[in-house]
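K.L.:
Residue numbers (my numbering), protein chains in the order written: chain A, 1 to 205; chain B, 1 to 205.
Accuracy of the hints is not assured; some may be wrong.
Unchecked claim - Below, a list of computed lysine to aspartate or glutamate pairs in the DMTMM-like style, where the Cα atoms sit at most 25 angstroms apart: (1) Lys91(B) x Asp97(A); (2) Lys49(A) x Glu66(B); (3) Lys16(B) x Glu125(A); (4) Lys91(B) x Glu155(A); (5) Lys9(A) x Asp152(B); (6) Lys49(B) x Asp152(A); (7) Lys91(A) x Asp152(B); (8) Lys91(B) x Asp30(A); (9) Lys91(B) x Glu50(A); (10) Lys91(A) x Asp30(B).
Think of the hints as simulated: they come from the structure by calculation, not from any bench. Quick caveat, the model's predicted, so the values are computed rather than measured.
Number of protein chains: 2
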Amino acid sequence: MPKHSHREKILTEGLKVVHAHGFANASVRDIVRAAGVPQGSFTNHFESKEAFGLEVIELYRSRNAETIQQTLRNDALPPLQRLRAYIDAAKDRLNRDQMRNGCLYGNFTAEASDHSERIRQRLLEVFGEVRLALAYCLRAAVKAGELSPGLDCDEVAAFIVSSMQGANLLSKAERSTVPLERFKEILFTMVLRRTGSAEPLADCG
Amino acid sequence: MPKHSHREKILTEGLKVVHAHGFANASVRDIVRAAGVPQGSFTNHFESKEAFGLEVIELYRSRNAETIQQTLRNDALPPLQRLRAYIDAAKDRLNRDQMRNGCLYGNFTAEASDHSERIRQRLLEVFGEVRLALAYCLRAAVKAGELSPGLDCDEVAAFIVSSMQGANLLSKAERSTVPLERFKEILFTMVLRRTGSAEPLADCG
């Protein structure tokens, strides 16, 4: 196996190990074993476990960025439909691993943000990217008349980021997508109803 | 030091170590050092690290139970004031450690619920207790005319549990109470407005 592919293999398989067992629990030994490469490969490619952790976050982020392009930033679709698709994509991700792993960003925040300032700063940046994409989608919904001009898109976007993290966490605890589905239901029927109107959005689901 | 006080010391100081560094990162050595007791004390009092983890959750829960009695279940106060006090108590807790530690339940869920079925089951029970107390408070608010009878108190209570977990997590990432304050603001102005009325609650703050 050529050396550069060792690096890819360590990252791809290492992401799975970290996502399933947590960053602290994922030993270098577990990671190289999952990747099927010699232990020395790890230190050849990563100067520290922190450096490896940062690259794992990048790999996860690149996948999430694709989802964001296909949903929240997909101008071909009506804005609120994009928001629903983004939440449904999170549900699909939870389903893929039987709700065992939760969101990698949230797991890192819970366990590693106190230990590595670089990791914490990177997590803030990726949360910020998601928040901007959500605010972009909400603004489009306001512009399209799907939501009232009175909506504070930035604040609601930040609220969605944090509430979705919580819903992911409870889905992980319950091994069920119900917390994420409940979040979506309350978001669309109680938070995003048109300001100045008691009517919930007609087409929520 | 008598033996029974070693046990208390390990739990009290161990809770701080686990809360600050995560369960996986907290070694028995760190815990006994923080407690100022010999290493053998740990194995004398706890059959496993999992058993210790479960008792740490109990200690944290007993403190949270006091807060719940003084706020959500405190019939001497108007219901929505109790709910505000409960969220403010969470903010005070975040402030006490400069927003570094987050919520112990959330941290355990993120890092340990996949590894110990006993811990996961216990976390589900404690989340359930908080949810029941929130639903009790919301029902009292409906009865007192502070909220509309149309409110689905059980669903909104579950939504509050998960969204507060997310707000705690983002507060930990940002080292700021802003995410928790934003959650409170949106809860009181957008989720808990009287059903059938576009008016937000007048006295939110």
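K.L.:
Is the straight-line distance between the alpha-carbon of Lys49(A) and that of Glu66(B) 25 angstroms or less?
P.N.:
Violated, at about 40 angstroms.
K.L.:
Verify the proposed pairing of Lys91(B) with Asp30(A), using a straight-line Cα cut of 25 angstroms.
P.N.:
Violated. Lys91(B) to Asp30(A) sits at ~38 angstroms, over the 25 angstroms cutoff.
K.L.:
Are the Cα positions of Lys9(A) and Asp152(B) separated by 25 angstroms at most?
P.N.:
Violated: Lys9(A) and Asp152(B) sit about 48 angstroms apart, past 25 angstroms.
K.L.:
Next pair to validate is Lys91(A) with Asp30(B); report whether the Cα-Cα distance is within 25 angstroms.
P.N.:
Violated, at roughly 38 angstroms.
K.L.:
Are Lys91(A) and Asp152(B) close enough, with their CA atoms no more than 25 angstroms apart?
P.N.:
holds (23 angstroms)
K.L.:
Are the Cα positions of Lys91(B) and Glu50(A) separated by 25 angstroms at most?
P.N.:
Judged against 25 angstroms, a Cα distance of about 30 angstroms means the pair is violated.
K.L.:
Does the alpha-carbon distance linking Lys16(B) and Glu125(A) stay inside the 25 angstroms limit?
P.N.:
The hint is violated at about 28 angstroms.
K.L.:
When you check the alpha-carbon spacing of Lys49(B) and Asp152(A), does it fall within 25 angstroms?
P.N.:
Since the Cα atoms of Lys49(B) and Asp152(A) sit roughly 46 angstroms apart, the hinted pair is violated (cutoff 25 angstroms).
K.L.:
Checking one constraint from the list: CA of Lys91(B) to CA of Asp97(A), max 25 angstroms. Satisfied?
P.N.:
violated (33 angstroms)
K.L.:
Just to be careful, I want the Cα atoms of Lys91(B) and Glu155(A) compared with a cutoff of 25 angstroms; is the pair within it?
P.N.:
Judged against 25 angstroms, a Cα distance of about 19 angstroms means the pair holds.
When held up to the earlier numbered hints, the structure conflicts with 1, 2, 3, 5, 6, 8, 9, 10 and fits the remainder.
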